[in-house]
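Residue-level listing of the chains:
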Amino acid sequence: MSAPVIRASSLAQHFGARMIFQDVSFVVNAREIFAILGGSGCGKSTLMKQLIGLLPPSAGRIEILGQDLARARQAVRRSIGVMFQSGALFGSMSLLENVMLPLEVFTTLPPEGREAVARVKLGLVGLADAASLMPGEISGGMVRRAGIARALALDPPLLFLDEPSAGLDPITSAGIDRLILDLRADLGTTVVLVTHELASILAIADRCIMLDRAAQGMIAEGDPRHLRETSAEPTVRAFFRREAA
Amino acid sequence: MTVRGSEAAGRVDLVFRGSLDAVGAGRIWRETMRQAVAARGRELGFDLTGVEQCDTAGAALLLSAEQRHGGVARFIAASPPIAALLARVRDLAVVTEKPPPPAVATPPRRVLAEFGGRLAGRVGEGLAFLGQAFTALLGLPARRRMVRFADLAQLIDQAGWRALPLALLLGYLMGLILAFQSAIPMRRFGADLFVADLVSIALLRELGPLLAAVILAGRTGSAQAAELGTMKVNEELDALVTMGLDPMTLLVLPRLAAAMVSMPALVLALDIAGLVGMTTVLAGFGFPPALVAHRVVGAVHPSDLMGGIFRAVAFGAAVAAIGCRAGLATGAGPRAVGTAATRAVVGGIVATIALDGLFALLSYRLGL
Chain A
16 MSAPVIRASS LAQHFGARMI FQDVSFVVNA REIFAILGGS GCGKSTLMKQ LIGLLPPSAG
76 RIEILGQDLA RARQAVRRSI GVMFQSGALF GSMSLLENVM LPLEVFTTLP PEGREAVARV
136 KLGLVGLADA ASLMPGEISG GMVRRAGIAR ALALDPPLLF LDEPSAGLDP ITSAGIDRLI
196 LDLRADLGTT VVLVTHELAS ILAIADRCIM LDRAAQGMIA EGDPRHLRET SAEPTVRAFF
256 RREAA
Chain B
160 MTVRGSEAAG RVDLVFRGSL DAVGAGRIWR ETMRQAVAAR GRELGFDLTG VEQCDTAGAA
220 LLLSAEQRHG GVARFIAASP PIAALLARVR DLAVVTEKPP PPAVATPPRR VLAEFGGRLA
280 GRVGEGLAFL GQAFTALLGL PARRRMVRFA DLAQLIDQAG WRALPLALLL GYLMGLILAF
340 QSAIPMRRFG ADLFVADLVS IALLRELGPL LAAVILAGRT GSAQAAELGT MKVNEELDAL
400 VTMGLDPMTL LVLPRLAAAM VSMPALVLAL DIAGLVGMTT VLAGFGFPPA LVAHRVVGAV
460 HPSDLMGGIF RAVAFGAAVA AIGCRAGLAT GAGPRAVGTA ATRAVVGGIV ATIALDGLFA
520 LLSYRLGL
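Keeping their order, the protein sequence lines are chains A and B. According to our numbering, the residues represented by the first sequence are 16 to 260, in order. According to our numbering, the residues represented by the second sequence are 160 to 527, in order.
Quick caveat, the hints were computed from the structure, so don't treat them as lab data. Worth double-checking, as some hints may not be accurate.
[Claimed, not checked] Coverage of chain A stretches by chain B, computed from C-beta distances (three or more under 8 Å per stretch; other residues unrestricted):
hint, segment
1, 115-123
2, 127-139
3, 148-156
[As the list claims (entries may be wrong)] Computed footprint of chain A on chain B; a stretch qualifies when at least three of its residues, placed anywhere within it, have a C-beta under 8 Å from a C-beta of chain A:
hint, segment
4, 170-184
5, 207-219
6, 239-248
7, 488-494
In this text, a Cβ means the ideal position worked out from N, Cα and C, and glycines have one as well.
Between the sequences and the hints, there should be enough to build the whole structure, so can you do that?
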């Protein structure tokens, strides 16, 4: 079996005296779709920031693709793609230019090569015809898709998605789910997502962890379908029941 | 990553070695395209025997080369994952952008007409905005509960009191510079003392109000546009409207009033600071302050001061109206608020100077 793509060991985060979580450990395997779940304020986004190298953990160690994130932050960043909840597209650039930006910085592709690659990425997320549009001209679902296309620009083996379906209608949300499954199938991408959408979690996630604010840490890990059926942990049961209702 | 062409029996094979990822594809992109174009009219093959890895950038390279060649290329020794990826990318049928239409020179008359139309549109929108503000003002007695005096005081504090140090500094420097610059030629005619007449009239009638308006546009006009623009982007204005509250009464009128109240105070401060700056220079030339004060009192009429104050009020109204209008007209997207702030500053300064020209004309005609 190949080495895990992510190995998180005893992670903790506190801001001053305020503890967000502690002793969070998990692994994410290659080609896995891994979800980070939990209620508001439990530290999901904080954990995601730690994993993408934006926030050094107060304690613990993160290895990504076999490299210690604390020591090789820049090298690791070249191997990951991140889609932020808002899409974080640059408003002054067209979708095509947004996707071309990382290619311009990190490759020696000539302009026509960058454009061809960027068009393939936009095609992968179903935005081939929207390449020349500006972020302000497209819908929320398209912004998320364009954000994913930009995150994929350098074909990273590991993709982080922050709330990819939040605030979208069920049809668009299902489209994003399908896209994530396609990316795994076509490109072999490992995907880590933070989400509240129960339908998405059950449809696409292979495994998940759940954080809890009261416990200040991780309260469950495993296959979400299995957790839904068998977990005796009250918060886990309430999460799945409440979301399902 | 390398690419090498081999030709045999009217067939060209491009032999790739290494990793066909974004970095590798970048290294051989131009060479691959060149060889693909050179192979036109002959059968083209891509030998992938030596390719360790291929991602979408590599697939884009191969399919772009095929497109440049103009025929269907053969893929030799493509591993199943690479073949699947190529098929997937080919299925996307990514269309290349249509070439832009050739540029057609626009006749100057049409350019001027378009510019005139845009300008007229802007002026019309501005007048409509002023009309709305005036209507809101007329309806104010019926909506007096919407007037929040605490907010008004805060706005006056922002527009006036907090701008005072800047007005004093710029006024003092302006007086200093004007006195120096005018003293040099006037000294040749032995008319140094008349610098006091010249600078005091220029400051009180023109430069004081103008400079204060520029300060107001830079500090307050831009801030008002950014604040209202952010409120628009955050749908706070829509929330006010749905609650039955009139943004014009609640947000615009207080800002207009704050600017109109603050401007005379700023102008007075600026005038006094300017006169002090001028007196400093003239004192350096040996003229006692009492003599300078005597010259100023003799040269300046109360109408000069009142005219300046009147202009200041008008400039304040114009700058605030343009700032509020820019903020309320903020569009969508992350640049919108910045654009609104820029429009507020540029529009405020242009309107101030245009109004000043109008006042100068009126003063001349009326003999004031």
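Results for each hint:
1. 115-123: Coverage by chain B holds for the segment 115-123 of chain A (4 residues, Cβ < 8 Å).
2. 127-139: Result for this restraint: holds, n = 11.
3. 148-156: Result for this restraint: holds, n = 3.
4. 170-184: Holds: 4 residues of the segment 170-184 of chain B have a Cβ under 8 Å from chain A.
5. 207-219: That given contact holds, which follows from 5 residues of the segment 207-219 of chain B lying within Cβ reach (below 8 Å) of chain A.
6. 239-248: holds (count 5)
7. 488-494: This one holds; 5 residues, not fewer than the three required, reach chain A with a Cβ under 8 Å.
In this structure, none of the earlier numbered hints is contradicted; all agree with it.
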